[in-house]
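Top to bottom, those sequences are chains E and C. Residues in the first sequence are numbered consecutively from 1, following this note's numbering. Residues in the second sequence are numbered consecutively from 1, following this note's numbering.
Treat the hints as calculated values from the structure; they're not laboratory data. Since the model is a prediction, treat every value here as computed from it, not as a measurement. Do not rely on the hints blindly, as some may be mistaken.
Unchecked claim - Think about it this way: if two alpha-carbon atoms lie no more than 25 Å apart in a straight line, the pair counts; the simulated SDA-like pairs of lysine to any residue are:
no., chain 1, residue 1, chain 2, residue 2
1, E, Lys29, C, Asp135
2, C, Lys7, E, Ser63
3, C, Lys7, C, Phe29
4, E, Lys35, E, Leu49
5, E, Lys29, C, Gln32
6, E, Lys35, E, Arg6
7, C, Lys7, E, Ala11
8, C, Lys7, E, Asp75
9, E, Lys52, C, Val88
10, E, Lys29, C, Leu47
11, E, Lys52, C, Glu13
12, E, Lys52, C, Thr87
13, C, Lys7, E, Ala68
14, E, Lys29, C, Thr87
15, E, Lys52, C, Glu17
16, E, Lys52, C, Ala110
17, E, Lys35, E, Glu46
18, E, Lys35, E, Ser63
19, E, Lys35, E, Gly16
20, E, Lys35, E, Met4
21, E, Lys35, C, Glu78
22, E, Lys52, C, Ser76
23, E, Lys52, E, Asn78
24, E, Lys52, C, Asp79
25, E, Lys29, E, Ala55
26, C, Lys7, E, Gly72
27, C, Lys7, E, Ala55
28, E, Lys35, E, Ala55
29, C, Lys7, E, Gly16
30, E, Lys35, C, Lys7
31, E, Lys52, C, Ala30
32, E, Lys29, C, Val88
33, E, Lys35, E, Ile47
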Amino acid sequence: MLVMSRRQGEAILIHGDIEIHILSVGRSKVRIGIKAPREVPVVAREIELVQKENAEAAATHSSEVLSAAIAGILDIANDRSSR
Amino acid sequence: MPQCVTKYHGNIEYQDEQVFQFPQGLPGFAGQRRFVPVEHPSTRPILFLQSLDTPELCFITLPVLVVNPAYRLAVSEEDLALLQLPTVRQPAIGTDVLCLAILTIQPHCATTANLLAPVVVNLRNRIAVQAVATDTSYSHQYPFLEPRQDREPEEVARCS
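Chain E on its own, in the form it takes in the complex (with noise of 0.2 Å):
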């Protein structure tokens, strides 16, 4: 991994047309300003993370493999309602 220091107020170019400014350092934060084309997507990281287990999530499975599921979820969650 490339690693730069950077003050606040600096910037760094990437591919001549993205532009990432420090805007702020805080004590453990830091804000940053994108500057990108339209069509690059920019999103933080956890996002992205998100974005893949909705989709995993949101798949369709046959209905054995469902209601198996279905069942040791509840079992699970009455146990632990009930204790």
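Given the structure of chain E, go ahead and fit chain C onto it with the hints provided.
What follows is chain C alone, placed relative to chain E:
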């Protein structure tokens, strides 16, 4: 009463007041703005989040406290503002908001719950957001249900 076609429960009737409004959709499903919660006595406490725009889209969810009784919300200020809730404190689960974990079912693998990004619904106005938590260590694949014990070893190897 309006009706909709669902993925798991055939045709159902619902009331407009029940509908959860997601002003920004969900990550990966930005165009899906309206979901109706569907419950069935035989599968309680599972809550099925059925899209009103897409009949084949339905998320299977559980109240987050059923998945992890010690769960602590960490909703960002941006998401709190979107929900029209005070941004100075975290909302209380059960009184201010409904908080649901989306489950991922996979054949031969553990059913997992997304605790990184729970669905948070403001109980007063039904505005909802899938709130990607900030500053937490909760997983998007929290192992909730272990796979059955009778599976073959090579099937287990495929689980990531």
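Hint check:
no.	hint	verdict
1	E:Lys29 - C:Asp135	holds (10 Å)
2	C:Lys7 - E:Ser63	holds (12 Å)
3	C:Lys7 - C:Phe29	holds (16 Å)
4	E:Lys35 - E:Leu49	holds (23 Å)
5	E:Lys29 - C:Gln32	violated (31 Å)
6	E:Lys35 - E:Arg6	holds (17 Å)
7	C:Lys7 - E:Ala11	violated (48 Å)
8	C:Lys7 - E:Asp75	holds (23 Å)
9	E:Lys52 - C:Val88	violated (31 Å)
10	E:Lys29 - C:Leu47	violated (36 Å)
11	E:Lys52 - C:Glu13	violated (31 Å)
12	E:Lys52 - C:Thr87	violated (28 Å)
13	C:Lys7 - E:Ala68	holds (17 Å)
14	E:Lys29 - C:Thr87	holds (18 Å)
15	E:Lys52 - C:Glu17	violated (30 Å)
16	E:Lys52 - C:Ala110	holds (17 Å)
17	E:Lys35 - E:Glu46	holds (20 Å)
18	E:Lys35 - E:Ser63	violated (47 Å)
19	E:Lys35 - E:Gly16	holds (11 Å)
20	E:Lys35 - E:Met4	holds (19 Å)
21	E:Lys35 - C:Glu78	holds (20 Å)
22	E:Lys52 - C:Ser76	holds (21 Å)
23	E:Lys52 - E:Asn78	violated (29 Å)
24	E:Lys52 - C:Asp79	holds (20 Å)
25	E:Lys29 - E:Ala55	violated (30 Å)
26	C:Lys7 - E:Gly72	holds (20 Å)
27	C:Lys7 - E:Ala55	holds (15 Å)
28	E:Lys35 - E:Ala55	violated (28 Å)
29	C:Lys7 - E:Gly16	violated (46 Å)
30	E:Lys35 - C:Lys7	violated (40 Å)
31	E:Lys52 - C:Ala30	holds (13 Å)
32	E:Lys29 - C:Val88	holds (18 Å)
33	E:Lys35 - E:Ile47	holds (19 Å)
Consistency note: the structure conflicts with the earlier hints numbered 5, 7, 9, 10, 11, 12, 15, 18, 23, 25, 28, 29, 30.
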